[in-house]
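S.K.: With the hints as constraints, model all of the structure from the sequences given.
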Amino acid sequence: MSENDVKKEYETVIGLEVHVELSTRTKIFCGCAATFGAPPNTLVCPVCLGMPGTLPVLNRRVVELAMAVGLALGCDVTRTTRFDRKNYFYPDNPQNYQISQLYLPICRNGWLGIGEGDDERKIRIHELHAEEDAGKLTHDEEGKETLVDYNRAGVPLIEIVTEPDLKNAGEVIAFLEKLRMVIGYLEASDCKLQEGSMRVDVNLSLREVGSEQLGTRTEMKNLNSFRAITRAIDAEAKRQKELLDAGKEILQETRRWDDQKGVSYSMRSKEDAQDYRYFPDPDLPPVVISEEWIQAVREALPEMREERKERFVREYGIPAYDAGVITQSVRLARWFEQTAALGIMPKKVSNWIMGEGLRLLREKEMDPEDVRLSPEHFAALIRMNEEDEITNATAKEVFAKAIDTDLDPKSYVKANGLMTMRDDSLLRETVKRVIAENEKSVADYKNGKEKALGYLVGQTMKAVRGQALPAAVTAMLKEELNA
Amino acid sequence: MISMETLERVGRLAELEIPENQREAARQDLEKMVAFVDVMKELNVKDVEPLYQVTAERAGMQNVLRDDVVTEGGDREALLGNAPKRRGEFASVPKTFA
Amino acid sequence: MKILDLTAVELAERIRRGEIDAMESLEAVFDRISEREEQLHCYLVLDREGARAKARELQKRRSAGEVLGPLAGVPVAVKDNLCTKGMGTTCGSRILENYIPPYDATAVRNLRNADAIILGKTNLDEFGMGNTTESSYFGLTRNPWNEERSAGGSSGGSAAAVASGECYAAIGTDTGGSVRQPASHCGVVGLKPTYGTVSRNGLIAYCSSMDQAGPITKDVRDSAALLSVIASRDPKDATSLQRDDLSFLENIPQDVEGLRIGIPADDSGKGLDPEIREAIWSVATALKERGAVLEEFDLGIMKYVVPAYYTIACGEASSNLERYDGMKYGLRVSAEGLQETYRKTRTAGFGAEVRRRILLGTFALSEGYYDEYYMTAMKVRRLIRDAYDKAFLKYDVLLGPTSPQIAPKLGESGMDPLASYLADVYTVPANLTGMPAMSLPCAMHSTGLPIGVQLTAALFQEKTLFQVGAVWEQIRGKRYE
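Chains as they are written, first to last, in the numbering used here: chain A, 935 to 1417; chain B, 615 to 712; chain C, 164 to 644.
Worth flagging that the hints you see were computed from the coordinates, not collected in a lab.
All C-beta atoms in this analysis are idealised placements derived from N, C-alpha and C, irrespective of residue type, glycine included.
Just to be clear, a hint being listed does not mean it is correct.
Claimed, not checked - Cross-link-like lysine to any residue pairs, in silico, SDA-like; alpha carbons within 25 Å at most:
#, chain 1, residue 1, chain 2, residue 2
1, B, Lys709, A, Asn1416
2, C, Lys466, B, Met615
3, B, Lys646, C, Pro571
4, B, Lys709, A, Tyr1199
5, C, Lys626, B, Gly674
6, C, Lys466, B, Arg700
7, B, Lys660, C, Tyr532
8, C, Lys507, A, Glu1079
9, B, Lys655, C, Met538
10, C, Lys248, B, Arg700
11, C, Lys507, A, Tyr1022
Unchecked claim - Where chain B lies over chain C, by a calculated footprint (3+ residues, C-beta under 8 Å):
#, segment
12, 352-365
13, 473-483
14, 488-497
15, 512-521
16, 531-545
M.R.: The following block contains the structure:
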């Protein structure tokens, strides 16, 4: 009598809206500087404050960067592109409309591949458009007021909208990392989630396996790290599945992710759905993009990752794996190349970068952009190590200090007395002393215990504060012991 | 033809208050104006391109763009001086949510 | 000749030559203001001290041997929707009652650079929305010819100031006829240039795709002189044009031999005062006697111009006026919470006509209605422009009335807003199409109020307007005072 109670199988369907702050010198529609971190309300003018009588004028560099990113993502450039007003009242929006693009976005129909080789999946990009950023609101906890800083109002953004081609959090992260890399190569933005120069909104729905029909989707905001994105996706997929299994409906809504609590909250109910009344901005004539202009931008595109990786293998003879790792970031790739150009063996440079380099970046929570060690100083350090002027251990120590400060390794080593001990007689004295002070170990060694030698080496190294080459110490000990 | 619901929605979008006792009059007003402009529907505009801007094209002004050079910035007092409420370096507005 | 009877060009010439002291003409204007301003109320702000300081400075520079600018010492009034740095700019609205712009509109800066003396800011319909200057929050402006009558609008203050001698010339703004119609009602010359000729930087926006600042002057030559000064390609306005033909005072033909004049048949039918119709025809006939070729024709689209205009203007205005929200400048009405503050501020700050147009505009842009209203109006706009383009293949200039009626009695127009919208029928086409148009005084109505004739030319053809205007002035004989 009971009905066949088989639970339905669902697959997750995800689309992304990614906002990226472009690294132009000035804002999109006025000549104010677009830098981060200035004192509040100092990078403002009548235009970006929306004062009466002011008019927007489009920054050429924004058009070029938007085209460059679009072309790198395989998009078609829209030959006549235009800006539209998106009308809504909010205090971070001085005109109470945002100048954006709806009807004729600058780029359309591209893709970005995730995964390698046969596993590569093309994630389709629906469109890419330019728009202006809003100011920053800070909430005053005590009073009933909100404080507004308009420095960020008018900073140029590009918004990249994907088709709902992503299937899970892993793919989303892979996509975002690849996107960051492409945009990083173009030096169009530093794409830092934590600083807000890259912002991700996730649109998620569940679809019955085998069905063509998409489910109701929700939009998730306030995802400030890759971790938050992953957790939010997993939580939302679970939340929606539970609702569907219980026979309930999914509400189309925007939800805000709280990473502390690990849950999302509904932000806006869709009854009062925002009607943005988009219409072409009468103050901005359309931008007509010629074939010549597109060609010029295409030709000015820097060597992108795939090409660079292959070239590194060819020109520098480093393994494909190394080239792959180093070219993840255009800054690392450049660092590698500039250092190798100073006569250092490429494999040595790539080893340093892949080993100590990446480890330190992780540990110090640095981005490749934050590396300060110049190619000259990097090369000097490697050379000193090669020529045994400093031990490996010392080299690593100096590298760790220099990576974010670019200190001169030669002066640093000298100032701190870190040169490898050269004076053989002093070393020999120390070796003799260690032998004298460690009768038991000497005896053990003489009785065939190789490990005891290691102990003596350790003691000697300690005595010279690491400033000797372990190989030299070992050799000398053996000499003395066998004498 | 223009419902009260439409009037109220339009008022909300425009952030204007229409007092209860003025609503019917406002609704009729809007209805009259909409009826007035409805006459445009007599024309066949199916294949007509909208004319958003009247001179740029005819004057050969395309791609009016600005160089990416800093030219403005920051007389905070002059610019924020008109703000109804300030808190030091910031403009102060009623509390927002989210 | 009485000093106040001089035109702006005549005055500037004499000041530059040292024949007249800039302070003398300035004080004559102040005397006239003392006589009439209390009744007329042309000005919202009068900057006597600033004006005197500028006059003194000009005299000093002249004595030092400097050559002064083309409008040296000319006392000019500026409509109060053009920003003047450090001087209050209200748009005739409570919502900007205490607003002081931190910058000059480009047109204003151009006037200053030409050594004109900015006397102050003139009254207007709130935010430029109206045609009688009765919707100003700060009180109405009266017609100098008959103080029971409106000076027209929305640049009523500017037109009345020129007509009464309270300035030598003025700048107004024209979105649907707001320079031409008050000029017509006050018996002076009003010009709306080709859209994009005068920068809109600092012109507080009503309808962005139509707004243009234009001169209101005693005669055609002054109109050309003022336009040459205020026009400029401005990097701060992406819709402003590079025009190399701005020296309007030179090379203008002195006759109308062979000029083809088109007279649109008045298919809006009823509503045109017969005396006005007669006055227009006498202008046409006089020009014909001077060698012009006349032809009546049917534009075919007059019925749609006012609906298209209001849909577009209100649509763009509803967006342009969103920024007045009590947060960054202007009036703020204290209330509980953000949304209440927006609503109370805007409802208290905007007058009834402005609120009416915002509602219509918001409706026209809203979801479900955008295609049917705003988009349709933009398409109709192209049909209207096509009709005018076609006309200008056959004619060099179009001639007709500026307004179907003479200046209305004060207090009468608020009754039926739609009826007053219809009065814009002759002027709005030039705004919809961007074409230049000028209103000139042509006759006196039996009620003692001026009648204006409107000339419309093809895009960029202001020189045809000056040509015909100058010939008509010659025919008419004397200037009004």
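S.K.: A separate judgement is required for each hint: does it hold in the structure or not?
M.R.: Going through the hints against the structure:
1. Between lysine 709/B and asparagine 1416/A the CA atoms are separated by roughly 83 Å; this puts the pair beyond 25 Å, and the hint is violated.
2. Proximity of lysine 466/C to methionine 615/B is assessed by CA-CA distance (about 22 Å); at most 25 Å being required, the pair is judged to hold.
3. Restraint check for lysine 646/B and proline 571/C: satisfied, since their Cα atoms lie roughly 23 Å apart, inside the 25 Å limit.
4. About 20 Å separates the Cα atoms of lysine 709/B and tyrosine 1199/A, which keeps this hinted pair within 25 Å; it holds.
5. As the CA atoms of lysine 626/C and glycine 674/B are separated by approximately 20 Å, the hinted pair is consistent with the 25 Å bound.
6. The straight-line distance between the Cα atoms of lysine 466/C and arginine 700/B is roughly 51 Å, outside the 25 Å bound, and the hint therefore fails.
7. In summary, the hint linking lysine 660/B to tyrosine 532/C is supported, as the alpha carbons are separated by about 16 Å, within the 25 Å threshold.
8. For a cut-off of 25 Å, the pair hint linking lysine 507/C to glutamate 1079/A stands: about 17 Å separates their Cα positions.
9. Restraint check for lysine 655/B and methionine 538/C: the C-alpha separation of about 11 Å stays at or below 25 Å, so the hint holds.
10. For a cut-off of 25 Å, the pair hint linking lysine 248/C to arginine 700/B stands: about 22 Å separates their Cα positions.
11. A hinted pair counts as satisfied when its Cα atoms are at most 25 Å apart, and lysine 507/C with tyrosine 1022/A qualifies at roughly 17 Å.
12. With 3 residues carrying a beta carbon less than 8 Å from a beta carbon of chain B, the segment 352-365 of chain C meets the three-residue requirement, and the given coverage holds.
13. Coverage of a stretch by a chain is defined here by at least three residues with a beta carbon nearer than 8 Å to that chain's beta carbons; for the segment 473-483 of chain C and chain B the count is 3, and the condition holds.
14. Coverage of a stretch by a chain is defined here by at least three residues with a beta carbon nearer than 8 Å to that chain's beta carbons; for the segment 488-497 of chain C and chain B the count is 8, and the condition holds.
15. With 4 residues having a beta carbon nearer than 8 Å to a beta carbon of chain B, the segment 512-521 of chain C meets the requirement of three or more and the stated coverage holds.
16. Check result for the segment 531-545 of chain C against chain B: holds, 10 residues qualifying (beta carbon to beta carbon below 8 Å, three or more required).
Of the numbered hints listed earlier, those contradicted by the structure are 1 and 6.
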